[in-house]
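Asks: Chains as they are written, first to last, in UniProt numbering: chain A, 1 to 326; chain B, 1 to 326; chain C, 1 to 326; chain D, 1 to 326.
Among these hints, one or two may not hold up.
As the list claims (entries may be wrong) - Here are some of the chain C residues that sit facing chain B, going by a computed Cβ distance under 10 angstroms:
1) 141
2) 152
3) 220
4) 224
5) 228
6) 231
7) 299
8) 300
9) 301
10) 309
11) 311
12) 312
13) 314
14) 318
As the list claims (entries may be wrong) - Here are a few chain D residues that sit away from chain C, every Cβ distance over 10 angstroms (derived from the structure):
15) 25
16) 42
17) 55
18) 80
19) 97
20) 118
21) 166
22) 184
23) 239
24) 246
25) 249
26) 275
27) 278
28) 292
29) 302
Unchecked claim - Quick look at which bits of chain D chain C covers, simulated, 3 or more residues with Cβ under 8 angstroms:
30) 263 to 272
31) 307 to 319
Don't read these hints as lab results, they were simulated from the structure.
No residue lacks a Cβ here, since even glycine has one placed at the ideal position from N, Cα and C.
Protein chains: 4
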Amino acid sequence: MPVRAAGEPPFNIVRCAYVTLGVTDLARSRDFYVDALGLTETEATGEAVYLRGLEERSHHSIVLVQRASPEAHALGFKVASEGDLDALEAFFAARGLPASWTERHAQGRTLAVRDPFGVPLEFYARMDGAERLLQRYGLYRGAQIMRLDHLNLFAAELQQTHEFYAELGFRTTEYTETEGPDPRLWAVWMHRKGNVHDVALTNGRGPRLHHVGVWTASVMSILHACDVLATTGHVDKLERGPGRHGISNAFFLYLRDPDGHRVELFASDYLTVDPDLEPLRWTLDDPQRQTLWGHAAPASWFEEGTPFAGTAVREPALRARPVVAR
Amino acid sequence: MPVRAAGEPPFNIVRCAYVTLGVTDLARSRDFYVDALGLTETEATGEAVYLRGLEERSHHSIVLVQRASPEAHALGFKVASEGDLDALEAFFAARGLPASWTERHAQGRTLAVRDPFGVPLEFYARMDGAERLLQRYGLYRGAQIMRLDHLNLFAAELQQTHEFYAELGFRTTEYTETEGPDPRLWAVWMHRKGNVHDVALTNGRGPRLHHVGVWTASVMSILHACDVLATTGHVDKLERGPGRHGISNAFFLYLRDPDGHRVELFASDYLTVDPDLEPLRWTLDDPQRQTLWGHAAPASWFEEGTPFAGTAVREPALRARPVVAR
Amino acid sequence: MPVRAAGEPPFNIVRCAYVTLGVTDLARSRDFYVDALGLTETEATGEAVYLRGLEERSHHSIVLVQRASPEAHALGFKVASEGDLDALEAFFAARGLPASWTERHAQGRTLAVRDPFGVPLEFYARMDGAERLLQRYGLYRGAQIMRLDHLNLFAAELQQTHEFYAELGFRTTEYTETEGPDPRLWAVWMHRKGNVHDVALTNGRGPRLHHVGVWTASVMSILHACDVLATTGHVDKLERGPGRHGISNAFFLYLRDPDGHRVELFASDYLTVDPDLEPLRWTLDDPQRQTLWGHAAPASWFEEGTPFAGTAVREPALRARPVVAR
Amino acid sequence: MPVRAAGEPPFNIVRCAYVTLGVTDLARSRDFYVDALGLTETEATGEAVYLRGLEERSHHSIVLVQRASPEAHALGFKVASEGDLDALEAFFAARGLPASWTERHAQGRTLAVRDPFGVPLEFYARMDGAERLLQRYGLYRGAQIMRLDHLNLFAAELQQTHEFYAELGFRTTEYTETEGPDPRLWAVWMHRKGNVHDVALTNGRGPRLHHVGVWTASVMSILHACDVLATTGHVDKLERGPGRHGISNAFFLYLRDPDGHRVELFASDYLTVDPDLEPLRWTLDDPQRQTLWGHAAPASWFEEGTPFAGTAVREPALRARPVVAR
């Protein structure tokens, strides 16, 4: 059962803001994200590449770091003020989750913590600015990605993870339950910024990063990305779609980057700012929740994901088999 | 000069939510909004027609009422909770603006008040629900309007009006100033819901309603609306566009309904949820602020608007001539 | 090996013009083609429904006739003049293929004949007119189909069938060959009207109708058709796509009508009027020829088709297994 | 009155194929056509730049040559065979129009001649090939221009010019007449390749080149071109549109290149291969013929054009004032 937050928490998480991905060949990954997908490189150091979308006015939303094996690092969230960081520190401390203050390039002070399930989170209030490229149309390339949209996680303890993020103030917009007399929550979409989600949770071996969702202004940009990727040596990166999700109504394309990290190009969901917006319920035996048009998703999409650095992956408590196609 | 709110006010206005328009021939207006533009009629009484967009899950966002002459009635805003209504009542009372509780069809209790400049405002927390049509694609018609987006007003006292709405918690995203050593604020875009605006103010004879902005999911919907309107007896309704605004980056089309009320079809602005987002400044001598592509707007667009019922229209304090084309 | 016509034949086939499909429930099929897909009904008799696209100014391009079982009837071709019909009669007679003059509703005199492989063909020069709806944008619905584009056939004797249609003046634009030292023609696209094809031939159990291709002005129309079909009770009609063919560069969606007849929504191929345009060669082991984006086509797409009334289906001479996905 | 060709002439003009434009600063013009508009440079010599669209498989469709002042040079037409060139030579000779054989870079033998009104024409059967870029999506830029579509001319002797091109085999698809009891032909659209036009004629000071039309696969490409041009220093190049023509149903954008040569980006007309297709008639007092959406065209669009090198410009015989807006 989805839960609702009992009022707003004493801090204001504004939105999901960045993800740090460990990649095994920084140059190869840069080629994929910048040259093929069209993200903008704000800055590159020998150790990291900082990327952003065309409308983003802050320094980074995807950070690639050189690592020996593919792994996900911090999920970053922007908060409204410095005071919110202190309130979050207290929140985590009260739950026995010790947070630490860390330095992140181009950010103000940053609170690093793991959620109760081992997912590494980072919170910050200030980030260095970057030029807005929204009206630099001559620079538009590839998927014409505008901004980071959401982070999707496999959760082994789905119900509890959902409840924890509800405590953080994330509001549920849509959810999937198992069928039958005792429905169990299977997946859930939760937001802070007023669209369908900042964070989504899917039942499965976890915690793992299922995908990073980036937003494009038009479905045409996503189709163009298919054409570009398919004819520039990246046809093997297209894992699923393009298609329309029943859930969220999003037009989607799932890609796998050179290390297998999954990226979703995402367009056309809807506004969710009303606090009394009723979450939409889907059931696991309705294949149109996954693809409105009835297509099956490949098995890889349900099974594969990126482990978080330093976090063990657990089998999910809930076993059920989603209906994946008509 | 644009101002910033000194912290959040003690109430939470979620978004602009509806507008009530007095029309002289209800059947004729219904034909325009429903049959030509494709808005959905939730309910019609002999006196009023209640309209909504495809993704809207509440009863109405545009209300047409039969009147002897064209006029604008209340601008409606949704607040987060019932308590916010009481806090707003106190806010207005403290400023010598007596609010009253009124009944509105399909809404919970509604606070009615005029802002210091005479604009009739209504606030509510609850509205009756309505079926979400977002995935009833067989019903899509005309402009495929998704939702109300914003309300744009002529203000005779631009700076003061801006400051008042900043007190209400509206945050500035973009603004236009006059040129010269002593710049004066000419127009301003302010939001609550996380995109470019819920309310915009333009210097001019006011207060008057400049236009109602409705949001479409795609620029293609706006082009299709041009084709449909132009070939179904409504070519005279196209006032300006389609085009791209420099300000807001929106793709726009301005229509005049059968009574001359202006409606903007609007797509493709950007996310503004970051509280530290720096407002973008434009100057009055930059024609690309108005139309990125350099087109002139017709004089009617700068001069004509809808008076509010019962409110006198005043000449603007600030006189300047915008540069309207290259 | 593809062949070229030895000069123009003594008649001028202008384009493929119609197909007649036997359906088992005329009302159900009309619902699919008109209400869901958005084709226009020019005329309905008790026995037949005559359909056309939005830009077509002649009476019909798809004719549905009531039959006991699903089957394809005549493939219709428009010729430039009445004299061309006589020349075609002579052409077929010279090859031992007796043609007959038949009556078709809303057409001038019509030559009916079977090609050497048993495919029923009809040729005509004049058809009754119908209102052009291209600029009646208020009538646009569903897939917004503009016109018939092509007819695709399974051929059991691929090479010979190709050579016969080359004799009729059809010019090859693209073709697929088997791999290896002795390549064999596997599929071929041939045109008269100046785009990629009027007729395509695919190796397989034949002759059968593989699909009827209809043209839309925009890929967005095809995506909208997916959404409409998926939410109006027709999700089971989507067989394959949307996607991009390598061959022809078309953006495609394959549907199965209520009797299993396959319809392709098709957009964005290219101009082929130059008589010296070199045909493009693809090989059977290149999966991007089928789907540029790398998706597999379902087995049904390779195996299922509509038999022609009164024509036995033969096993193909050529056995090979196409590579259908990466 | 529009006329029809009395049967096919003894030669086969396949399509309009290229235009040669004299520009005053070759580097500046290359920047506009290649860097901003996204045309492909096949080859550049010190004296000329050879351009083509993404789907074009021949060497050039727009040729820029360095000249002291802006002027138009030859309009090029592809014919089906070498024999057609000889037949054309005889055709012109019979009308007292001496043609000459000339050399053109990357073309086979080329027949150069002036039409009776002084327009320089060139005919050729063979041109060097060039790589097809249609599926090199990574190279798509700017307006994503696919191919040359048509050439539009001001004609001082409209009726006679029309009759001459009808003799050459061009077929009329649409035309505008003056109003009144004695209608006079005002403008005419004529084709060879099966869409609305290869050549259009407009009454006016002539002969002059009104514009070069290039074809894009999508209206979205045209909107993107507006955004790119407007933000890369070329906002002054946008003369008219984007919009929809009533005539031809085309979605259009008119640009002026750095020398004032007019270029039309053009999408979404229709198929015209049927030889018995009835031309569509428009009248000069119907503003929707010009812009379906009712917009006025600027005076420059009606008055300005490019003179042909070496040809005097004459005042038009027919004086009338088109209705340019509602």
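Asks: Indicate, hint by hint, whether the structure satisfies it.
Replies: Verification of the supplied hints:
Among the interface hints, the one on residue 141 of chain C holds; its C-beta lies about 9 angstroms from the nearest C-beta in chain B, closer than the 10 angstroms criterion. Residue-level restraint check for residue 152 of chain C is violated (minimum Cβ-Cβ distance to chain B is 28 angstroms; threshold 10 angstroms). The closest approach between the C-beta of residue 220 of chain C and any C-beta of chain B is roughly 5 angstroms, which is under the 10 angstroms cut-off, so the hint is satisfied. Hint on residue 224 of chain C holds. Least Cβ distance to chain B is approximately 7 angstroms, under the 10 angstroms limit.
Against a cut-off of 10 angstroms between C-beta atoms, the interface hint on residue 228 of chain C holds, since the closest Cβ of chain B lies about 5 angstroms away. Checking residue 231 of chain C against chain B: minimum C-beta separation of about 5 angstroms stays under 10 angstroms; hint holds. Because the beta carbon of residue 299 of chain C sits about 29 angstroms from the nearest beta carbon in chain B, more than 10 angstroms, this interface hint is broken. With 10 angstroms as the threshold, the beta carbon of residue 300 of chain C stays out of range of chain B, its nearest partner Cβ sitting at about 25 angstroms, so the hint is violated.
Taken as an interface hint, residue 301 of chain C does not check out: its beta carbon lies about 24 angstroms from the nearest beta carbon of chain B, beyond 10 angstroms. For residue 309 of chain C, the suggested interface contact is broken, since its CB lies about 33 angstroms from the closest CB of chain B, more than 10 angstroms. A cut of 10 angstroms between beta carbons decides the hint on residue 311 of chain C: the least distance to chain B is about 37 angstroms, and the hint is violated. Given hint, residue 312 of chain C at the interface with chain B, is violated; its Cβ is 41 angstroms from that chain's nearest Cβ, farther than 10 angstroms.
For residue 314 of chain C, the interface hint is violated, since its Cβ never comes within 10 angstroms of a Cβ in chain B; the closest pair sits about 42 angstroms apart. For residue 318 of chain C, the interface hint is violated, since its Cβ never comes within 10 angstroms of a Cβ in chain B; the closest pair sits about 42 angstroms apart. A cut-off of 10 angstroms between C-beta atoms confirms that residue 25 of chain D is not in contact with chain C; the least separation is 32 angstroms. With a closest Cβ-Cβ approach of about 16 angstroms to chain C, residue 42 of chain D is found to remain outside the 10 angstroms limit, as its non-interface label requires.
Distance check for residue 55 of chain D against chain C: the nearest CB is about 5 angstroms away, which does not clear 10 angstroms, and the non-interface claim fails. Under the 10 angstroms C-beta cut-off, the non-interface status given to residue 80 of chain D relative to chain C is violated; the minimum distance is some 5 angstroms. At roughly 26 angstroms from the closest C-beta of chain C, the C-beta of residue 97 of chain D stays outside 10 angstroms, upholding its exclusion from the interface. No beta-carbon of chain C is positioned within 10 angstroms of the beta-carbon of residue 118 of chain D; the least distance is around 28 angstroms.
With a closest Cβ-Cβ approach of about 17 angstroms to chain C, residue 166 of chain D is found to remain outside the 10 angstroms limit, as its non-interface label requires. The beta carbon of residue 184 of chain D is kept farther than 10 angstroms from every beta carbon of chain C, the shortest such distance being approximately 25 angstroms. Against the 10 angstroms criterion, residue 239 of chain D stays outside the reach of chain C, whose nearest CB is about 24 angstroms from its own CB. The Cβ of residue 246 of chain D sits about 7 angstroms from the closest Cβ of chain C, inside the 10 angstroms cut-off, so the non-interface label is violated.
At roughly 6 angstroms from the closest C-beta of chain C, the C-beta of residue 249 of chain D falls inside 10 angstroms, breaking its exclusion from the interface. Against chain C, the non-interface label of residue 275 of chain D is violated: not every CB pair exceeds 10 angstroms, the least being about 5 angstroms. At roughly 8 angstroms from the closest C-beta of chain C, the C-beta of residue 278 of chain D falls inside 10 angstroms, breaking its exclusion from the interface. Listed as a non-interface residue, residue 292 of chain D fails to keep its Cβ farther than 10 angstroms from every Cβ of chain C; the least gap is roughly 7 angstroms.
Residue 302 of chain D, annotated as away from the interface, keeps every beta carbon of chain C farther than 10 angstroms; the closest lies near 23 angstroms. Using a Cβ-Cβ cut-off of 8 angstroms, 3 residues of the region 263 to 272 of chain D lie near chain C, which meets the minimum of three, so the contact claim holds. Given a C-beta distance limit of less than 8 angstroms, the hint that chain C covers the region 307 to 319 of chain D is violated, as 0 residues qualify and 3 are needed.
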